[in-house]
Amino acid sequence: MARVRLENITKRYGEETAVDDISLEVEDGEFVTFVGPSGCGKSTTMETVAGLTQPTEGRVYIGDDEVTDLAPKDRGVAMVFQNIALFPHMDVYENISFGLRLRKYDDEEVRRRVEEAADIVQLEGMLDRMPSEMSGGQQQRVGIARAIVRNPDVFLMDEPLANLDAKLRVHMRTELQRLHRELDATVIYVTHDQAEAMTMSNRIAVLNDGRLQQIAAPLTCYNEPTNLFVAGFIGSPSMNFVEGTLVEDGLETNNFTVGLDPSRLSGVGVGDPVTLGVRPEDVHLTRYADSLTDSTDRIEARTDVLEPMGDEVFVYLLLSEAAAGSMEQDPATSPNQLLMSVTPDTEIEAGEDVDVVLDRSKIHLFETASGDALLHGLTDRSGQEPGTTPTEADT
Amino acid sequence: MSDPRDTTDPSGIDESGADPPRDPTLRRPDGGTPASGSDDASILKDGRDAELDRGPFQQWVADSIENPDRVYRAMFYVAAVFFLFTTLFPFYWLLMVALTPEGQLQNIVFTPNGFNPGAFVEVFQVIPFHVYMFNSFVIALASTAVVLVVASLAGYAFGRLEFPGRTPLMLLVLVISFFPPAAFFIPLNDLFNTSFFFLEPITGDGTLYNTPFALVTPLSAIFMPLAIFILTTFYGQIPDGLEDAARVEGTTRLGALFRVIIPLSAPGVATAGVLTFIATYNEFFFSFLMTDGQPENWAPILDGILAYQGQYQVLYHLMAAASILGVIPVAILVVIAQEKIVSGLTAGALKE
Numbered sequence: 001m002a003r004v005r006l007e008n009i010t011k012r013y014g015e016e017t018a019v020d021d022i023s024l025e026v027e028d029g030e031f032v033t034f035v036g037p038s039g040c041g042k043s044t045t046m047e048t049v050a051g052l053t054q055p056t057e058g059r060v061y062i063g064d065d066e067v068t069d070l071a072p073k074d075r076g077v078a079m080v081f082q083n084i085a086l087f088p089h090m091d092v093y094e095n096i097s098f099g100l101r102l103r104k105y106d107d108e109e110v111r112r113r114v115e116e117a118a119d120i121v122q123l124e125g126m127l128d129r130m131p132s133e134m135s136g137g138q139q140q141r142v143g144i145a146r147a148i149v150r151n152p153d154v155f156l157m158d159e160p161l162a163n164l165d166a167k168l169r170v171h172m173r174t175e176l177q178r179l180h181r182e183l184d185a186t187v188i189y190v191t192h193d194q195a196e197a198m199t200m201s202n203r204i205a206v207l208n209d210g211r212l213q214q215i216a217a218p219l220t221c222y223n224e225p226t227n228l229f230v231a232g233f234i235g236s237p238s239m240n241f242v243e244g245t246l247v248e249d250g251l252e253t254n255n256f257t258v259g260l261d262p263s264r265l266s267g268v269g270v271g272d273p274v275t276l277g278v279r280p281e282d283v284h285l286t287r288y289a290d291s292l293t294d295s296t297d298r299i300e301a302r303t304d305v306l307e308p309m310g311d312e313v314f315v316y317l318l319l320s321e322a323a324a325g326s327m328e329q330d331p332a333t334s335p336n337q338l339l340m341s342v343t344p345d346t347e348i349e350a351g352e353d354v355d356v357v358l359d360r361s362k363i364h365l366f367e368t369a370s371g372d373a374l375l376h377g378l379t380d381r382s383g384q385e386p387g388t389t390p391t392e393a394d395t
Numbered sequence: 001m002s003d004p005r006d007t008t009d010p011s012g013i014d015e016s017g018a019d020p021p022r023d024p025t026l027r028r029p030d031g032g033t034p035a036s037g038s039d040d041a042s043i044l045k046d047g048r049d050a051e052l053d054r055g056p057f058q059q060w061v062a063d064s065i066e067n068p069d070r071v072y073r074a075m076f077y078v079a080a081v082f083f084l085f086t087t088l089f090p091f092y093w094l095l096m097v098a099l100t101p102e103g104q105l106q107n108i109v110f111t112p113n114g115f116n117p118g119a120f121v122e123v124f125q126v127i128p129f130h131v132y133m134f135n136s137f138v139i140a141l142a143s144t145a146v147v148l149v150v151a152s153l154a155g156y157a158f159g160r161l162e163f164p165g166r167t168p169l170m171l172l173v174l175v176i177s178f179f180p181p182a183a184f185f186i187p188l189n190d191l192f193n194t195s196f197f198f199l200e201p202i203t204g205d206g207t208l209y210n211t212p213f214a215l216v217t218p219l220s221a222i223f224m225p226l227a228i229f230i231l232t233t234f235y236g237q238i239p240d241g242l243e244d245a246a247r248v249e250g251t252t253r254l255g256a257l258f259r260v261i262i263p264l265s266a267p268g269v270a271t272a273g274v275l276t277f278i279a280t281y282n283e284f285f286f287s288f289l290m291t292d293g294q295p296e297n298w299a300p301i302l303d304g305i306l307a308y309q310g311q312y313q314v315l316y317h318l319m320a321a322a323s324i325l326g327v328i329p330v331a332i333l334v335v336i337a338q339e340k341i342v343s344g345l346t347a348g349a350l351k352e
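Listed in order, the protein sequences are those of chains A and B. Terminal number for the first sequence in this note's numbering: 395, no gaps in between. Terminal number for the second sequence in this note's numbering: 352, no gaps in between.
Everything labelled a hint here was simulated from the structure, so no lab data went into it. By construction, the Cβ of each residue, glycine as well, lies at the ideal position given by its N, Cα and C atoms. Careful, some of the hints might be misleading.
[To be verified] Where chain A lies over chain B, by a calculated footprint (3+ residues, C-beta under 8 Å): (1) 233-243; (2) 260-272.
[Unchecked claim] Now the in silico label distances, taken between C-beta atoms and shown as ranges: (3) A:Asp20 <-> B:Val334: 38 to 48 Å; (4) A:Glu124 <-> B:Leu141: 40 to 50 Å; (5) B:Val334 <-> A:Arg59: 52 to 62 Å; (6) A:Asp65 <-> B:Gly165: 29 to 39 Å; (7) B:Gly255 <-> A:Arg59: 24 to 34 Å; (8) B:Leu141 <-> A:Asp20: 48 to 58 Å; (9) B:Val61 <-> A:Ser135: 39 to 49 Å; (10) A:Asp65 <-> B:Phe198: 52 to 62 Å; (11) B:Leu141 <-> A:Asp65: 42 to 52 Å; (12) B:Val334 <-> A:Asp64: 58 to 68 Å; (13) A:Tyr13 <-> B:Val78: 54 to 64 Å.
[Claimed, not checked] Quick look at which bits of chain A chain B covers, simulated, 3 or more residues with Cβ under 8 Å: (14) 72-83; (15) 92-106.
Construct all of the structure, not just a fragment, from the sequences and the given hints.
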């Protein structure tokens with residue numbers, strides 16, 4: 001097992017910059033997930049660790065050694081692929097033992113290790129099958145066995161669950177976590193699915209447009225996103241964003257005002273555009289908001305569409321008449337809509353006029369122009385001043 | 001030929017004065033517009049009336065239009081019989097010539113003048129024909145091996161790598177393959193007859209003339225472009241993930257080519273290999289000119305067959321027998337390889 005360190009990795013394809021100056025460090029035994037939308041450079045970044053892609057600039061270290069110019073086979077990494085990439089002309093045993101046989105281990109050792117690996121991923125008795133005779137989940141387990149059998153320093157997993165069906169994906173997710181615990185391995189995991197990233201990782205690295213946006217523990221990314229992109233990407237459904245302008249005593253938006261002392265925000269002043277972000281679960285109906293210690297003033301709204309999910313109900317709120325009928329608008333970005341999540345026993349129906357409040361301690365403020373976070377939580381408690389880099393005080 | 005459907009358009013009757021109605025049964029007596037639609041339709045549906053005045057040829061044409069498959073099937077049989085005849089009859093005739101005893105080689109068409117199967121043994125007694133066959137086999141095999149190895153590397157580069165100038169290079173290969181091989185003969189012959197000191201330990205006199213290299217080199221070069229194109233297509237279709245997996249698991253790019261990409265492209269490699277083998281084995285021009293025709297000097301089958309042509313007599317029946325013997329290895333190869341190619345195609349089953 002080993003640390004992985006990326007230093008100023010940049011990858012350009014002609015004019016196109018796929019990865020832009022990424023530096024990060026993965027600790028020994030840590031499970032780090034690269035997450036981001038398609039084409040954000042997460043796979044390319046991983047490929048530079050694997051050695052399948054040469055970075056245009058920057059250096060890669062595994063353990064204490066620089067491996068930037070080493071061939072993939074000499075880096076001590078193993079990889080699990082999105083398209084599984086089992087060799088179709090070899091049976092399971094030959095697939096798993098491929099790397100060992102290349103390294104000229106003696107037959108007995110190969111057999112022992114293959115059986116051990118097959119045991120770990122529960123593939124006993126399937127060693128003589130061909131990949132084409134197996135289900136997707138079994139194939140991916142062979143892929144994982146092929147990776148663990150060599151006892152590599154670092155595991156690289158490139159969307160290993162993306163091609164599996166939903167139920168199997170959840171199952172394999174748990175298996176991978178168990179595997180990580182058992183092997184105590186350093187894992188770099190790439191996914192576009194923020195739920196996978198949240199549930200499995202020690203830390204999440206959020207990438208967008210080839211740039212590293214934030215690398216932090218999952219809950220930190222959730223509660224204290226460093227910018228608008230992370231705030232919108234982590235969490236499902238997405239955070240509500242409402243654009244507004246900073247005034248003397250608060251933040252004024254199209255439909256409501258949130259009280260705030262502008263001097264608490266550094267870098268912006270009165271008159272500057274500021275975006276307010278609040279997650280759907282932090283929007284509350286006024287009649288159920290008694291338990292909130294610190295809430296905003298009432299906001300008048302009309303419910304539009306209800307989406308019962310079973311364990312919760314998503315309610316689309318229209319804040320003004322202007323928003324009615326504008327089907328295309330996304331509550332995540334529209335200034336006149338909010339998405340609220342309520343418990344299923346809440347009495348609410350579509351087309352009802354309601355009052356809602358926001359939980360001030362869960363409101364995020366972002367500088368509209370740059371997208372950078374200004375403040376997480378507006379609660380003005382003495383001795384517990386929340387800032388742009390607070391501790392877990394607000395969670 | 002009259003199409004009964006002409007009458008579906010009642011107004012056409014009046015307009016087409018140059019083509020007067022031929023079949024009175026299909027016409028309304030007054031020749032005018034129909035009084036009622038149902039009456040008109042009943043006449044048209046009754047197709048038997050229209051057949052009454054057709055001759056056998058017209059009938060056949062009408063049936064063919066009705067049912068084109070019949071024509072296609074007939075054309076297929078005609079074409080198949082024609083091609084089978086033109087390809088197989090020469091072999092049959094060769095066999096007849098080979099079986100005819102020496103001295104009676106006139107007017108052989110469908111039957112031999114006598115029966116002399118001993119000719120197939122005699123070919124080896126008169127000259128060492130088996131040596132010629134061995135030479136041809138070695139030359140064809142070596143050329144195929146060279147072609148497959150070099151074309152695999154080229155196919156990998158063209159099919160799987162992105163590099164500047166890939167398309168122009170590929171076109172250059174194509175252009176070179178258009179050159180007539182004869183254009184290379186004089187310079188090559190000159191080259192192969194030039195003595196190089198570093199070749200002396202291998203060839204004795206330092207020239208490549210009268211060695212298998214004099215044939216393998218130009219032949220593999222000539223048949224290379226085709227193999228490159230076939231292999232480029234096949235290698236290009238192997239998913240990138242498989243190569244990446246092999247490289248992470250511990251192979252180099254070359255190792256991945258030989259351990260993963262080539263085994264998965266087996267049908268393509270077999271196709272390229274068989275085509276190259278047959279082409280080099282059958283090649284005439286260089287085979288005839290790059291050796292002095294002596295079996296110990298790596299002369300191929302071609303020279304062996306021509307060796308039955310003496311100064312005073314030509315042993316046609318032995319030439320025929322030798323020709324048939326010479327075809328056998330290729331025939332066997334094609335039969336075996338065809339099975340391999342088909343099985344490779346079905347077993348390949350890549351999952352992406």
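Quick rundown of the hints versus the structure:
no. : hint                              : in the structure
1   : 233-243                           : holds (count 3)
2   : 260-272                           : holds (count 3)
3   : A:Asp20 <-> B:Val334: 38 to 48 Å  : violated (57 Å)
4   : A:Glu124 <-> B:Leu141: 40 to 50 Å : holds (46 Å)
5   : B:Val334 <-> A:Arg59: 52 to 62 Å  : holds (56 Å)
6   : A:Asp65 <-> B:Gly165: 29 to 39 Å  : holds (35 Å)
7   : B:Gly255 <-> A:Arg59: 24 to 34 Å  : holds (26 Å)
8   : B:Leu141 <-> A:Asp20: 48 to 58 Å  : holds (54 Å)
9   : B:Val61 <-> A:Ser135: 39 to 49 Å  : violated (58 Å)
10  : A:Asp65 <-> B:Phe198: 52 to 62 Å  : violated (44 Å)
11  : B:Leu141 <-> A:Asp65: 42 to 52 Å  : holds (47 Å)
12  : B:Val334 <-> A:Asp64: 58 to 68 Å  : holds (59 Å)
13  : A:Tyr13 <-> B:Val78: 54 to 64 Å   : holds (57 Å)
14  : 72-83                             : holds (count 8)
15  : 92-106                            : holds (count 4)
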